[in-house]
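**Q** Each chain, written out:
Protein chains: 2
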Amino acid sequence: MDELAIVEKLKTLARATRASGSGIVLGIGDDCAIFRPRPGEDLLFTTDQMIEGVHFEAGQDPAITGHRALARNLSDIAAMGGEPRFCLVTLALPARGRDQWIQAFYRGLLRLARRTGTELVGGDLARDDKIRCDVMVCGAVARGKALRRDGARPGDALYVSGRLGRLRWNGRIQPRLSLGQSLIGRATACIDLSDGLSLDLYRLCKASGVAAAVDRVPVASGATIGQARLDDALHGGEDYELLFTLPPGAPKPRGTTRIGTIVRGIPGAVTLEGRPLPPRGYDHFRKR
Amino acid sequence: MDELAIVEKLKTLARATRASGSGIVLGIGDDCAIFRPRPGEDLLFTTDQMIEGVHFEAGQDPAITGHRALARNLSDIAAMGGEPRFCLVTLALPARGRDQWIQAFYRGLLRLARRTGTELVGGDLARDDKIRCDVMVCGAVARGKALRRDGARPGDALYVSGRLGRLRWNGRIQPRLSLGQSLIGRATACIDLSDGLSLDLYRLCKASGVAAAVDRVPVASGATIGQARLDDALHGGEDYELLFTLPPGAPKPRGTTRIGTIVRGIPGAVTLEGRPLPPRGYDHFRKR
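Those sequence lines, one after another, are chains L and W.
FYI, the numbering used here numbers position 109 of the first sequence as 109, with every residue one higher than the one before it.
FYI, the numbering used here numbers position 167 of the second sequence as 167, with every residue one higher than the one before it.
Be aware that one or more of the hints could be misleading.
As the list makes no split between identical chains, a pair holds if one copy fits it or if it spans any two.
[What the hints assert, rightly or not] Dumping the calculated DSBU-like pairs for lysine-lysine here, alpha-carbon to alpha-carbon at most 30 angstroms:
1. Lys145 with Lys252
2. Lys206 with Lys252
3. Lys145 with Lys9
No lab work stands behind these hints: they were computed from the structure.
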């Protein structure tokens, strides 16, 4: 297929993801997509890239790559309490096995898109020596109600969803959209765990101008044992769970664990059982 | 600089691009950017990638790369008659010379961003073996008024801005934002010339279900001569001029040339001085 044929095929597939009242006036096929916002809503925007050999291995099932490319962004929408509306997908890949790869990639991506009400409205396609994709997602949230990183206050309770340290580089991430939406008007701050608890908690505390005392971490049962397992949970990344704070006395949301308390202190300073827990999660440019 | 330091620096630089009343509630630094739409506006979304060795050469001045990465998207916003609002930028690059490259890239990008009222609100950064960047731009247009590809009707006059065939792979593109905005309510269809007149005119005609008869093309004075020069103007790409249609009798906008007429016929069929002009512009996946 040439580029025109691929775009025609995607148009048909994408139309199947359209939800009624989605606000999409025009999807794939013009210079831009056209979106009509609803009154009283703020819009959320996030983007995330995946590169062969950096974020995933060449042999990964393309349907999983497609799922993950969208899911990582939906996790950011979840962290702000948003409801996904649409996405744009940029893809570069080699010519060999291209048509089959593209079909499987979009099958994985569009399946999650349909399930979460995210319409594919545009993108860009190019040839390159390895696979690289970029997804941008727009979500919506009631005006002024988005969950942010910067609202945590001393005394707030610190929570995390799920169990940490699974190191899911290869699996299908399930973005915590319902949990995020349920935290609107309740959580004082929220962030998604993509780079590891120690780094993402540092970011939340730094943005809020507070410190945190962690006293327990819900560790996933995994392949590694003992200290290695705890290290994965603290610094491993790829959890895509939500880390959030609730005012003192608020009830614990289902499927979450209280892991500590927000305290006064140097912004970003975090302790685990009283000892300093420096940020050590994934940073693309840190010297290792 | 590590990733945290780079993001901090970008935050400061990006804030300088913020226009009053831009609608940006929260820019770089959280899981998502927050944007508050104005009532009565539709939003436009487009994305475009640039890859070292595919879209530009390794030795290109990074300030030009940054300018072009944004300008190519602004050209799409111009083609729909939009006013740019904000952008997200995804960047992957090798470690060597990284800090200097990033600074020059953003200097070029943010200079054009400031000039066009486009705020940088987010992005993503990764390490890779060569430079790749992706820009997503959001623009705004009065509700229901966006210029589209699909409104050309037989009898409409066909126009193009500027002169074609310069093959500006290396220079600073000037997106035709003012012209696009001035065509709102006047042009019946519009597209930007990124892949060459023959391919982009084919796309416009195909979307509108019409054919076109071209009788002249404004060729830029360039390095090549004679037939080669005309070929560049017809199929060369990288013009980033606007191609649009006006109802019969409408006055010619300044700085534009009438190149032909929309006619009844097989959708997408284009003739030049009576002879068929097949689409031959840039297609990443066409066999050559």
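**Q** Hint by hint, which ones does the structure fall short of?
**A** none
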